[in-house]
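K.L.:
Residue numbers (this note's numbering), protein chains in the order written: chain A, 1 to 330; chain B, 1 to 330.
Hint data in this document are derived by calculation from the structure and do not stem from the laboratory.
Some hints could be false.
Which stretches of chain A does chain B cover? Using the computed rule of at least three CB atoms under 8 Å from a CB of chain B, they are [unchecked claim]:
1) 21-33
2) 108-122
3) 151-163
4) 167-179
5) 209-223
Glycine included, each C-beta is placed from N, C-alpha and C at the ideal position.
Protein chains: 2
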Amino acid sequence: MNAPHDRWVVGVDLGGTNLVVATMTTDGRRTAGLQTGLTRAEEGADAVVARIAAMISASIDETCRTEGVTRDAILGVGVGSPGPLDRAKGIVIVTPNLGWRDFPLRDRVAAAVQLPATLDNDANCATLGEWWIGAARGARHVVGITIGTGIGGGLVLDGKLFHGASDVAGEIGHTTVDVTGRRCKCGNYGCIEAYASAPAIAERAREALQHEEHSSIADLVGGDLSKITARTVYDAAKTGDAVALEIVREAAKFLGAGLANLLNIFNPDCVVIAGGVTAAGDTLFEPLRVEVRRRAFKPAVEACRIVAGTLPGTAGVAGAVAAFLQQRAE
Amino acid sequence: MNAPHDRWVVGVDLGGTNLVVATMTTDGRRTAGLQTGLTRAEEGADAVVARIAAMISASIDETCRTEGVTRDAILGVGVGSPGPLDRAKGIVIVTPNLGWRDFPLRDRVAAAVQLPATLDNDANCATLGEWWIGAARGARHVVGITIGTGIGGGLVLDGKLFHGASDVAGEIGHTTVDVTGRRCKCGNYGCIEAYASAPAIAERAREALQHEEHSSIADLVGGDLSKITARTVYDAAKTGDAVALEIVREAAKFLGAGLANLLNIFNPDCVVIAGGVTAAGDTLFEPLRVEVRRRAFKPAVEACRIVAGTLPGTAGVAGAVAAFLQQRAE
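So here's chain A without its partners, still in its complex pose:
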């Protein structure tokens, strides 16, 4: 049990589908009151804010009970949200997944729970969380990439989140590695998201199976190609399925070119890759490291470790807490 004078911060990870809330000590060593739920964005912004507020209250109550702290030990709430957003104003500018525009999320949450709050980008938070207490701990300059439905990114430089001139920095998923390549959801061609996101991997498998007769990918979904997910492809690749291996290698090639760009531009000492893609394990990470080594400058390769995130599900919450502490120190 912690002494009553320990200080705690609530972290909120708001996703298009899921909500995760937990309360952590300011040194990142203890986590309590973990709450998970569905976002249910279709019910509207007011309902989502009410749900976030209820989960924050539940997390604080549970933390007070299990950790023996009092409510005045709670400093505030860090919120991680899809963006783009305006950190200074605490406003979510646009989120296609939530259907919001210019929504003052930070102040709405702060008012609902009567605590100071900060807002930052979800992918930034995931990167900061891995740097604070996860796979990138101890690194000075970190590039974080979260690969799921989309590809998000974050930059920690000299131990602080780097936001750029208008809070857009870190949009790694939408860097071009093939100017005449596949069309991306963002409207451009050849973004790494168009090759390595979970839907892109599943799509490539469906395309491949129209020409290939033998692949365990089809067996894994009982012949119903519409059921193929990225996970299906990773599972088939692990059994040595040639079609699946080729798809994962292709994704690794494009992702590797994008990572090599980041190594040559930033020269980070750690790249941490998180999200569902880590389920692919060495099937992805080995060809990825080979491609990066082939493309980036040697001193940049030698300075950098490329690792999988170690905080699945909680990197965003931890990073939201750390972002709260960094914003308050600014």
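Following the hints, complete the assembly by docking chain B onto the known chain A.
P.N.:
Showing chain B alone in chain A's frame:
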């Protein structure tokens, strides 16, 4: 005439072909004792160091004479050199153009002129110079790109040079925008240097003229295609020559994709482009801005101005002085 208590720093810009040295006040407002000469790398490292030392002494003497300062007003020497290099040790690790390996340039120069010295990358210095007193003045986050024989880059973040984990950061010329594209001198395929450097532009013109009968590019070199330079292509483009315009537009397309990547990753408030390429003027800059606008996120585009450098020939010297001041403050 300045008061005797003003403080001055000598800047050295060491290139594969040219040497530039000048002495500047620590506020960047006055420059004196400008010296230019040839590097003559073929005479060996000792001879180059002796030449640098002689130019530094001449610059200081002239500054003392014309500005009425005494030698004790000279704080030290900032040196900009091709890299990669180890800033902390002051060592040039490799420079193909100079033929050096693990050469302790900083300490050799310091010993020769009996002044403290610092060492930084030449492209970093050019970027820092444009931020300090040139086209990027007043910006918070700057991406600098110098396009000549190669494409170098530098990053100024929060008003300070960003070096990365091992002083490699900023190698923008060797970011991939076309994984299966043109082979680059670095061994990779599809780097922006392979499309937009001066030799790449000249090479594309020579390729094009093997199929095209009508182009003023050929006229400008009296029919001797081996004499084509990037400048020839820019000059022809300005007269409306279709072949030249297409080559410049192609270069702008690839460079624009690379710049859009930087906008999405860094979200700078200024991109400054320097080097011989600025001679192309709007012929290059207009399609370049269009391509960036087409590919980068709107808030990143809106936050960023893309400008030509305003310190041709002296950005490197100014940046070497500013880098000296920043390193001494670390």
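K.L.:
With reference to the structure, classify each hint as holding or not holding.
P.N.:
Hints, verified against the model:
With 0 residues bearing a CB less than 8 Å from a CB of chain B, the segment 21-33 of chain A misses the requirement of three and the coverage assertion fails. Closer than 8 Å: that is the beta-carbon criterion, and the segment 108-122 of chain A has 0 residues meeting it against chain B, so the requirement of 3 is violated. Counting residues of the segment 151-163 of chain A whose beta carbon lies closer than 8 Å to any beta carbon of chain B gives 5, which reaches the threshold of three, so the coverage claim holds. Given as covered by chain B, the segment 167-179 of chain A passes the check, having 12 residues with a CB less than 8 Å from a CB of that chain where 3 are the minimum.
Residue count for the segment 209-223 of chain A with a Cβ under 8 Å from a Cβ of chain B: 0. That is fewer than the three needed, and the coverage hint is violated.
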